[in-house]
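Chemist: Chain residues, written in single-letter form:
Number of protein chains: 4
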Amino acid sequence: MAKLHFDTDYMRGAHPLIMEKLFKTNLEQTPGYGTDEYTERAKKLIREECGSPEARIFFMVGGTQTNATVIDGILRHHQGVIAADSGHINVHESGAIEATGHKVLTLPGHDGKIDPNELEKYFTDFYNDDTYEHMVEPGLVYISYPTEFGTLYSLKELKALKRICKKFNAPLYLDGARLGYGLAANPDINLKVLSEICDVFYIGGTKVGALFGEAVVIPKGKLIPRSIPLIKQHGALLAKGRLLGIQFETLFTDGLYTKIAENAITRATELKEGFIKRGFRPFIDSPTNQQFFNLPNKVIDRLMETASFEYWGPRGRESSTVRFVTDWATEKTDIETLLSQIDQIS
Amino acid sequence: MAKLHFDTDYMRGAHPLIMEKLFKTNLEQTPGYGTDEYTERAKKLIREECGSPEARIFFMVGGTQTNATVIDGILRHHQGVIAADSGHINVHESGAIEATGHKVLTLPGHDGKIDPNELEKYFTDFYNDDTYEHMVEPGLVYISYPTEFGTLYSLKELKALKRICKKFNAPLYLDGARLGYGLAANPDINLKVLSEICDVFYIGGTKVGALFGEAVVIPKGKLIPRSIPLIKQHGALLAKGRLLGIQFETLFTDGLYTKIAENAITRATELKEGFIKRGFRPFIDSPTNQQFFNLPNKVIDRLMETASFEYWGPRGRESSTVRFVTDWATEKTDIETLLSQIDQIS
Amino acid sequence: MAKLHFDTDYMRGAHPLIMEKLFKTNLEQTPGYGTDEYTERAKKLIREECGSPEARIFFMVGGTQTNATVIDGILRHHQGVIAADSGHINVHESGAIEATGHKVLTLPGHDGKIDPNELEKYFTDFYNDDTYEHMVEPGLVYISYPTEFGTLYSLKELKALKRICKKFNAPLYLDGARLGYGLAANPDINLKVLSEICDVFYIGGTKVGALFGEAVVIPKGKLIPRSIPLIKQHGALLAKGRLLGIQFETLFTDGLYTKIAENAITRATELKEGFIKRGFRPFIDSPTNQQFFNLPNKVIDRLMETASFEYWGPRGRESSTVRFVTDWATEKTDIETLLSQIDQIS
Amino acid sequence: MAKLHFDTDYMRGAHPLIMEKLFKTNLEQTPGYGTDEYTERAKKLIREECGSPEARIFFMVGGTQTNATVIDGILRHHQGVIAADSGHINVHESGAIEATGHKVLTLPGHDGKIDPNELEKYFTDFYNDDTYEHMVEPGLVYISYPTEFGTLYSLKELKALKRICKKFNAPLYLDGARLGYGLAANPDINLKVLSEICDVFYIGGTKVGALFGEAVVIPKGKLIPRSIPLIKQHGALLAKGRLLGIQFETLFTDGLYTKIAENAITRATELKEGFIKRGFRPFIDSPTNQQFFNLPNKVIDRLMETASFEYWGPRGRESSTVRFVTDWATEKTDIETLLSQIDQIS
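Protein sequences appear in the order of chains A, B, C and D.
Going left to right, the first sequence walks through residues 1 to 346 as the numbering used here numbers them.
Going left to right, the second sequence walks through residues 1 to 346 as the numbering used here numbers them.
Going left to right, the third sequence walks through residues 1 to 346 as the numbering used here numbers them.
Going left to right, the fourth sequence walks through residues 1 to 346 as the numbering used here numbers them.
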């Protein structure tokens, strides 16, 4: 029997509808670098979904290059970006932000989230410190939604963050590498809401059914006025830019982006409930497509014979934290099989 | 009648065999970041083609990110890279090299090529200058093959460059964004020869029939020992790395990479000869898939009604230089149609 | 009566012997950029004091430029530097390290010091993490001696740090902005000992009696082989380099560097004991020339009428932490006057 | 007899009046980082001399750090700075500008100067090029006054540069490392005129009689709004900032800055005329304190036995270009002695 894979949500290619569209358009000749009509249509669809006719939108290939380009494009030379200590830009991007010359200023993460009160205190303390001109000015606030732990900010929390950012003149940037899963899990927050709250955010494609691609949205359209040379300088301007346009046009036609995410959430919920029912406690209470459990090493070792998934941090002595991730193609029977494998172990 | 497009060689998607392979493997689940078996097989095929069993190979998405990552990965902080003034890294990458902190040191380009004698003089003068420690040390030599003007170094020239680079302890880096066309046009120089001569080079996919992708080859395997964090830091580590592996596996199976280039060269030669026969003189004598002609503006204006192609530099008063590019899918009838359109103009 | 100043140790010019030497040599003509004989003699004196005939030594103007140049000169592109979260490079250098492209990786500070066990765990966890190639590799360990809180590592602690650094192939770098005070306060550790333990360190002049200037020492002489272009690139190569040579020659003649520090320590100890005797508890138990006390705001406000000193962090509601700093010119009567001012307040 | 030195203008310490003032103020205690009263007074004097009450002024230690800080502080991420190919930032600063991430865009130098027509053409061609968003945008124009060859722009040329800079929205930055000599040699252009023409410039101290120090002037006061963190980040914020204030206060009291320069110009003119009278032709017709002559190697070799001066570029086969530099302390007899030494050779 084939091994089940729950390592991550970018193990497959793309959703079949995307592949089909890429196939169908393959022989067409279009101008490069995102000046084609597919890209234009994709932007239009996203602007509509965001309720932001003024939004400026551009596409890049992956999350790290998107974060580095956006953050570098916004910050002035003496500024840094605030993030949770568990934030992707602080931990898992090989120092891509620092490589552009900017410090990542960390706040303690709470299940991956920054606390609005702690954020406000950080800003207040900064400007109250007599030596603040010798310190890195916080010029941007970075959050991920969902976070690296699959958790979600509430609407109230996002509004609080927005208020503080505005007060201290620091734009709010939301990393939506897995945005679809967040939107599917929390109906309070959709793209229109995000467009009201964030100064800039990106809609992740790579981890939500595309071959690759992330769509940066600047709802009010003011930030990063000269984006093309900036993106080019960061090595992030795709020659055959239409590949990004075609994918996002497909994702935002007939609600595909949402459907992809919903399947993953449904499956993740079945997995989570199945684990809880069997007596395992979640390491973190995630409502999205990443599920974290602390399992006995004995269970992990046996389960890894028939299913793959990742350690989250170093292996412990008796038990360890592991992560299971679902995607658009995970089937109900995959979860059932996994759970039955667990039953056979115990 | 549909307009003909000779703007560039990245206007279509990918060669059908590549699309087919991407389609066929789409639902498989593989580990990310190039640790999959397709990528492994692609590396093996390239190593064989290069006759370099020790070669280290890694894949990136586009040319600018490849240049920035490789050059930054090799140079020490105080070093710069020598290039022709017309070199892609000096002109058309929005300062991506400087953004990593390194100066591009220019030599005059001769139809896009640097002259070995001028290179040797540059190094000699540099180390003879009493103030050289206040100047940027030339730590790498960058050439493009074919050049930005479609021209090619001879084997003798490449060997001379190699000797000088060795003498002055500066690796030789060959930008092969359009390498296939160079290999198809000059049988003296194949991947084995390049692997003997260059310290590092890349095999371009984006402009030679792939959807995207460039394969960096370090024949002796010593340079850039820690490539993964470097690539990640540059935002150039593709999550679904197998997309690159699959494409290069396909390109290096049954000589596809060569066949793609050969068609483009055949078509470009037909175009060139047709133009010459009609009394137009090439702006530069290019043996590859880019052809440059100085045409009367009147001819350009009329021709652009039925065919697209690019100005090379600013439009002149009476006549201008324009570029025609062919690719794997250009057909004999496309060239014939273009030439007959010219006939109708004159 | 003139106000007393305990704000910091760089409020005056230079020790009179230094001024005298600068005055006496003023009209001499010497070659620039540190190629003069004064600089040569200063290097010789420092090499002797360090017992390191092979040591490479170079001089820069200030601490931040020294830290940025040294750290940038040692790290490879993908590496970062470990420091205590309270470390000067992490807090008070306006992101100078990140501006060179490198992340500061923080460990919790314990009265300004990093704990060897926590350092070892950091390295171990790093290399045990499956995703470490996506994280910033710790390529250097930075400590300050004395720390920003005036505290000192014991010889045992330094040896433990050295062992760990060696084990994980990361050089140990000691920021000695106030090194003199540390040497004067702890006889176990002198320049010979530091030259055994550290891979690179600097002897601070600016805060220890010079007009300005820091002397970087690489005891084994291997690191940073091309220092001149690196220093020049960082804007840190003083044209009249002999100004640094003359100052350090003077500081290391007849033990002036030590004498300067000893006076400051003696005065700081009198101040500390005087405060303790009056019932105030040190915020941190510092053996060097910086003394930190938590005082009632009422006392602070009154005392600031006749003496100046700095808040350490934001002002509290009832009481605040303040810092008193002594230097080579602080006199016994200055301390007595300060203490009597306190007596008059209470 | 002591050897005469004409190597450069930074071989001595400082003008005696500066040394005296440093000596007299040495024991005073002032706050750090340029917040002292000496610095405030120096700024006031410079503002008056510039006729720019709104001018923002800050001081740094040396030319390279000043250029890097100012240029980095003005440019946006995707922009570069235009300079003559012979410009100091392009040749002799070890890539300090590129190290901050910005390209130096070169125009051909004409005796060290850029030609206004060529500048205008550069801008025009840039914005007329269809691919300009893939190229480095010229965001600043750098000139040196005097140039590296001692030459001077005329008022008409400066006004032309200003007009073009304004038209293309690129500030004009004047590197005044040797500004005093330029002001003394051309009465058309004084600090008031420069304050009208330039968006930012610096008044060099290091090469004009100070121990060290350069004063950046932003006449209209808008550029680089957050200068302190920027300067700190570049390692260029002097702890004992008053050392810079004291020196510039002295230089701008009773016209000392001008007097220093005038002596150098008088001596340089004597030297120049003496050489010409003896049949040597200037390599470049410099009106300032640097004089360039092409001399037979035999003359150079003999003259170097009794006087020191620098080769300008590599030594030729029969003759070579050499540079003689005068300063505030060069005496009439020094020139006479040099000329008589030449007479003895011939």
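Warning: the hint list may mix true and false statements.
A short list of chain A residues far from chain B (calculated; beta carbon distances all over 10 Å) [unchecked claim]:
{"#": "1", "residue": "P16"}
{"#": "2", "residue": "E28"}
{"#": "3", "residue": "S86"}
{"#": "4", "residue": "A96"}
{"#": "5", "residue": "T131"}
{"#": "6", "residue": "K207"}
{"#": "7", "residue": "F212"}
{"#": "8", "residue": "K232"}
Listed next, the in silico DSS-like pairs over lysine-lysine satisfying Cα-Cα at most 30 Å (straight line) [unchecked claim]:
{"#": "9", "chain 1": "C", "residue 1": "K24", "chain 2": "D", "residue 2": "K24"}
{"#": "10", "chain 1": "C", "residue 1": "K3", "chain 2": "D", "residue 2": "K44"}
{"#": "11", "chain 1": "A", "residue 1": "K121", "chain 2": "A", "residue 2": "K156"}
{"#": "12", "chain 1": "C", "residue 1": "K24", "chain 2": "D", "residue 2": "K332"}
{"#": "13", "chain 1": "A", "residue 1": "K24", "chain 2": "B", "residue 2": "K192"}
{"#": "14", "chain 1": "C", "residue 1": "K162", "chain 2": "C", "residue 2": "K220"}
Rather than coming from a laboratory, the hints here were simulated on the basis of the structure.
Ideal placement from N, C-alpha and C gives every residue a C-beta, glycine not left out.
Chemist: Next step is simple, just say for each hint if it's right about the structure.
Modeler: Here is how each hint holds up against the structure:
no.	hint	verdict
1	P16	violated (7 Å)
2	E28	violated (7 Å)
3	S86	holds (18 Å)
4	A96	violated (5 Å)
5	T131	holds (28 Å)
6	K207	violated (8 Å)
7	F212	violated (6 Å)
8	K232	violated (4 Å)
9	K24/C to K24/D	holds (15 Å)
10	K3/C to K44/D	holds (26 Å)
11	K121/A to K156/A	holds (18 Å)
12	K24/C to K332/D	holds (24 Å)
13	K24/A to K192/B	violated (37 Å)
14	K162/C to K220/C	holds (14 Å)
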